[in-house]
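Dock chains X and A against the given chain V, drawing on the hints supplied.
Residue numbers (this note's numbering), protein chains in the order written: chain V, 1 to 396; chain X, 1 to 345; chain A, 1 to 344.
Everything hinted at is true.
Simulated crosslink set (SDA-like; lysine to any residue; CA at most 20 Å straight-line):
#, chain 1, residue 1, chain 2, residue 2
1, V, Lys284, A, Gly67
2, X, Lys215, A, Glu281
3, V, Lys284, A, Tyr110
4, V, Lys284, A, Pro115
5, V, Lys301, A, Gly67
6, V, Lys293, A, Tyr120
7, A, Lys100, V, Ser300
8, V, Lys301, A, Pro115
Keep in mind the hints are simulated off the structure, nothing from the lab.
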Amino acid sequence: MARSKNPNGIQGNVTMKIIPGLRKNRVQDVRSAAKQDVEYSSQWKLIYKRFKKHKLARISMIVLGLLYFGAIFAQFIAPYSLESYDSKYVNAPPMTIRFVDADGKFHIQPFVYGLKSARDPETMRKIFQSDPEVRYKLQLFVKAEPYKFLGLFKTDIHLFGVEQPGRLFMFGTDSMGRDLFSRIILGSQISLSIPLVGVGISFVLGILIGGVSGYFGGWLDSFIQRIIEIIRSFPTIPLWMALSAAIPPRIPVVTMYFYIVIILALIGWTDLARVVRGKFFSLKNEDYVLAAKISGVSDSKIIVRHLLPGFLSYLIVATTLAIPAMILGETTMSFLGLGIRSPATSWGVLLQEAQKIENVSLYPWKLIPLGSVIVAVMAFNFMGDGLRDAADPYKR
Amino acid sequence: MTQAATRSDKPLLSVKDLKIQIQVDGGVMKAVDGVDFEIRKGRTLGLVGESGCGKSLTSRAIMAINPKECETSGQIEYVSTEGKPNQSVDLLSLNPRGKEIRAIRGRKISMIFQEPMTAFSPMYSIGNQIMEAVLIHRTKNKKEARAITLDMLSKVGISDQEKRFEQFPHEFSGGMRQRAMISMALSCNPELLIADEPTTALDVTIQAQVLELMKSLQQEFGMAILLVTHDLGIIAEMCDEVAVMYLGKIVEQGTVKEIFSNPKHPYTRGLMRSMPRLGGNKSERLESIEGSVPLPVNMPPMCGFYDRCPERIEGVCNKRSVPNTEISDGHTVRCFLYTDREEGE
Amino acid sequence: MAEPIIEVVNLNKQFEVKAKNASWFRKPAPVKVLSDISFTLNEGETLSIVGESGCGKTTLGRCIVRGMSATSGKVMYYPEEGEPTDFLQAQGSQFKKLRKDIQMIFQDPYSSLSPRMSVYDIIAEPLVANFKLSKRELDDKVEAIAEKTGLNVSFLKRYPHAFSGGQRQRIAIARALISNPRLIVCDEAVSALDVSIQAQIINLLKDLQEQLQITYIFISHDLSIVRNISDRVAVMHLGRVVELAPAEEMFANPKHPYTEALMSAVPQPDPDAKMKRIILEGEVPNPANPPSGCHFHPRCPYRTDKCKSESPQLREVADGHYAACHYAEELQLKGVQSAAGGQP
Numbered sequence: 001m002a003r004s005k006n007p008n009g010i011q012g013n014v015t016m017k018i019i020p021g022l023r024k025n026r027v028q029d030v031r032s033a034a035k036q037d038v039e040y041s042s043q044w045k046l047i048y049k050r051f052k053k054h055k056l057a058r059i060s061m062i063v064l065g066l067l068y069f070g071a072i073f074a075q076f077i078a079p080y081s082l083e084s085y086d087s088k089y090v091n092a093p094p095m096t097i098r099f100v101d102a103d104g105k106f107h108i109q110p111f112v113y114g115l116k117s118a119r120d121p122e123t124m125r126k127i128f129q130s131d132p133e134v135r136y137k138l139q140l141f142v143k144a145e146p147y148k149f150l151g152l153f154k155t156d157i158h159l160f161g162v163e164q165p166g167r168l169f170m171f172g173t174d175s176m177g178r179d180l181f182s183r184i185i186l187g188s189q190i191s192l193s194i195p196l197v198g199v200g201i202s203f204v205l206g207i208l209i210g211g212v213s214g215y216f217g218g219w220l221d222s223f224i225q226r227i228i229e230i231i232r233s234f235p236t237i238p239l240w241m242a243l244s245a246a247i248p249p250r251i252p253v254v255t256m257y258f259y260i261v262i263i264l265a266l267i268g269w270t271d272l273a274r275v276v277r278g279k280f281f282s283l284k285n286e287d288y289v290l291a292a293k294i295s296g297v298s299d300s301k302i303i304v305r306h307l308l309p310g311f312l313s314y315l316i317v318a319t320t321l322a323i324p325a326m327i328l329g330e331t332t333m334s335f336l337g338l339g340i341r342s343p344a345t346s347w348g349v350l351l352q353e354a355q356k357i358e359n360v361s362l363y364p365w366k367l368i369p370l371g372s373v374i375v376a377v378m379a380f381n382f383m384g385d386g387l388r389d390a391a392d393p394y395k396r
Numbered sequence: 001m002t003q004a005a006t007r008s009d010k011p012l013l014s015v016k017d018l019k020i021q022i023q024v025d026g027g028v029m030k031a032v033d034g035v036d037f038e039i040r041k042g043r044t045l046g047l048v049g050e051s052g053c054g055k056s057l058t059s060r061a062i063m064a065i066n067p068k069e070c071e072t073s074g075q076i077e078y079v080s081t082e083g084k085p086n087q088s089v090d091l092l093s094l095n096p097r098g099k100e101i102r103a104i105r106g107r108k109i110s111m112i113f114q115e116p117m118t119a120f121s122p123m124y125s126i127g128n129q130i131m132e133a134v135l136i137h138r139t140k141n142k143k144e145a146r147a148i149t150l151d152m153l154s155k156v157g158i159s160d161q162e163k164r165f166e167q168f169p170h171e172f173s174g175g176m177r178q179r180a181m182i183s184m185a186l187s188c189n190p191e192l193l194i195a196d197e198p199t200t201a202l203d204v205t206i207q208a209q210v211l212e213l214m215k216s217l218q219q220e221f222g223m224a225i226l227l228v229t230h231d232l233g234i235i236a237e238m239c240d241e242v243a244v245m246y247l248g249k250i251v252e253q254g255t256v257k258e259i260f261s262n263p264k265h266p267y268t269r270g271l272m273r274s275m276p277r278l279g280g281n282k283s284e285r286l287e288s289i290e291g292s293v294p295l296p297v298n299m300p301p302m303c304g305f306y307d308r309c310p311e312r313i314e315g316v317c318n319k320r321s322v323p324n325t326e327i328s329d330g331h332t333v334r335c336f337l338y339t340d341r342e343e344g345e
Numbered sequence: 001m002a003e004p005i006i007e008v009v010n011l012n013k014q015f016e017v018k019a020k021n022a023s024w025f026r027k028p029a030p031v032k033v034l035s036d037i038s039f040t041l042n043e044g045e046t047l048s049i050v051g052e053s054g055c056g057k058t059t060l061g062r063c064i065v066r067g068m069s070a071t072s073g074k075v076m077y078y079p080e081e082g083e084p085t086d087f088l089q090a091q092g093s094q095f096k097k098l099r100k101d102i103q104m105i106f107q108d109p110y111s112s113l114s115p116r117m118s119v120y121d122i123i124a125e126p127l128v129a130n131f132k133l134s135k136r137e138l139d140d141k142v143e144a145i146a147e148k149t150g151l152n153v154s155f156l157k158r159y160p161h162a163f164s165g166g167q168r169q170r171i172a173i174a175r176a177l178i179s180n181p182r183l184i185v186c187d188e189a190v191s192a193l194d195v196s197i198q199a200q201i202i203n204l205l206k207d208l209q210e211q212l213q214i215t216y217i218f219i220s221h222d223l224s225i226v227r228n229i230s231d232r233v234a235v236m237h238l239g240r241v242v243e244l245a246p247a248e249e250m251f252a253n254p255k256h257p258y259t260e261a262l263m264s265a266v267p268q269p270d271p272d273a274k275m276k277r278i279i280l281e282g283e284v285p286n287p288a289n290p291p292s293g294c295h296f297h298p299r300c301p302y303r304t305d306k307c308k309s310e311s312p313q314l315r316e317v318a319d320g321h322y323a324a325c326h327y328a329e330e331l332q333l334k335g336v337q338s339a340a341g342g343q344p
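Just chain V, with the same shape it has in the complex (with noise of 0.2 Å):
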């Protein structure tokens, strides 16, 4: 973990390893405002501080929020609404948003091409070309299709669109002419949220279990780490099968949404457990808690100042790198047609096209979910990292 220079600061882990007695020592006099810092810092402050030189785990950071953002806003930033489809434009290529025209000249507002279809002579196959005749502007905050934002309030503006009787596909359209644009941003609002969901059910059940292990060993810890190995050992997906069969056909979308985040975060929570145990094994001998003991601190107090605030850094990280993981699971459910279900979309949903080879060859730009599945897994993978180098070294 050592880097060129050292940016952990006076107690970072390389120079403790360098000069074990340098531990000892503190500035009590203050030189420099640098150290005046550490000393007044709490623990998550030094964390905060190490967490923002992580330069991958900052740009994730960033990349994430807008994620979310669009999430949040994705009826607003979609040009179409899920529902939406034109039986004239299926599985039509990408458009692009164009600033030249044909003749070499530049506008200032951005355009697209009319998409002009035509058959193929041999395959007979309909496929679609730009047509340069024909533009049509780019215009912001548009009326289009009303929906109810976040559920709160009915309104019809969008972002962006293209003036009628135009249309923008910017990542092209599936086999029922839906914008695929459209269907991943209103799809991230599933597949972001059901993972946090989710994990915020393991992070519940896993410090309850987890603590419970820990604090009281025995038996009971025995107990529950065989039944934690038992859980881990089944095959994910024959698991997702069986228990997705077990939901019955015509459900809300709502319902169904919470039976998956169930389904996810029984399986995601002995994760946490054994981090949790594990912690509370080794804090538990501590010395500060033996003297809280014994000056009188009751159990539960001990608990909740002593051990928890020890390990809850381990826990965010801990969490942070179980997202990534239930991305994947509700992707998988719902590619394998096990999740969510129409009229709801996730990513998974929009994957399904990808089964078929036709789709994949013919028309490649069915694949751009993966794209945004993989850069979801991996921002969280990589603030997840930062999180725990900055979280860890603080560890003597």
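Just chains X and A now, kept in the frame of chain V:
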């Protein structure tokens, strides 16, 4: 103490203006700031100081085993008395990963550490690891190497050598591991043994055994010893010369007899007064040194001990860096209280 | 006025350890860490407990403060008012009341302070746990104790990692003192500190004892410090007290060979002292596998056959001087030279 040491014309090891700096968040930390000392053949030099004084870094710089974050400058001149006479090499000029330093490490200069458990790999038997050093430096013949190793084990007082040879580090007690480490260090008959806090982690009765062992081995092998410790009692028992370090500098240096009977630097005096003694008056109030050791980061030129010194002179001690003054033959002090006098009192 | 404050009676502690070839059928051999420890501690005195690793001194300290449960035995506590009770058996509200009187300071200043609490909170915690105080009262008490222990009051809101080892130990002392205890167990309280800082803390402990009439049990392996701070000393070896005597008496006239060897082994900061050192052979014994009879016999330079088979009891061999050796009266053992040696 050693048998009458013959003084060759050049000291075995000369450290000149050794500086070690490390980049930290607040600036540059001068962990070692201009250290000079000499070690003569067959003699024992003690390097004494509290945590953060830089003694460990100094001793490791000789073997070039400090991490790469340490920016080292200065000269460490090593004059081997074997082979070509008076041929000196500057150890700091050698590539820390190169062949030349590796030929010296373990063979001419070897080192023992404070925590013997981490000095041995848990994966191989003790005998195997000691033999490794022998095979590198002394002979390629495995049988011969084994015989040498067994002999060394017995020399350090480990009985039942055949059985112990096959055992692993965790099967040895702390004291035995330290002995094994000593035998490994001496297996190639080095000229200089660097011992970095060799007994700090041991029980006091075991410490006595190990110190006794080191003394007798020095009699037998005739090597010089650089003994790094914080314990003045060990210095008094084991060393001929002593250098007192504080905040990266040597503040006082001289023979053990001289320093203990006539300490000049306020830090040395404070250190001696704050040590509780076994003999002496009970319930005398220990004199302590106020304050604690600061970090040597971004320090302006001044005496590092200024803030804690009971005899500090404002305007003098905190304005410039302190020169080294020779009080008497071999006894030097780095203190403004003595800079006017050239010859001792 | 030697009023007893606690009396340890036959304290035993053993650990169940899985032996290498334990199976479901064979019960694992227990490791006896403390064997029948008995002594009386008087109010206002400092009793030091010395020994090497494995002797059980830390375990003894922890059992006394009930940080660890003893296997058997009693710790009779004599409160200021009321009848002496067995501290180990106290329950409920009585326990809550008594426990404030007996506190502990730990060895490692880096692990004994909760890293995520401010120093103020750490010091205030015992009060908060046991009393209902207003913020004002709490502030006053914390500041008062901080000043007593030499901490800068304006730094109290900082976190432990900002402080040096010596200062952290002061925080630990402040925490131990704030509930006004009568007895403090110092478990190697200065061993992890630099020599010059050790002196500061030892002086502080002595001052506090004078001001507040505290009784100390001082656990240490460092005989020089023990000499400086103790009224009485108990030497432990492999779970047993082998010698117990007033400090001066013991250092001048030890009655147990182990004590003699311990004192002889300490390196003296005096280059002229030509002490003939007693070097013990062999290793520090393993509590899991103790030697027969007198546990010290394999290393004892004076051993006889009797020592191999019979375990000596701790008995009074001179006034207030106890030793557990068959030959305590006969052996002429060497103490420490009390020569005024080498103070610059």
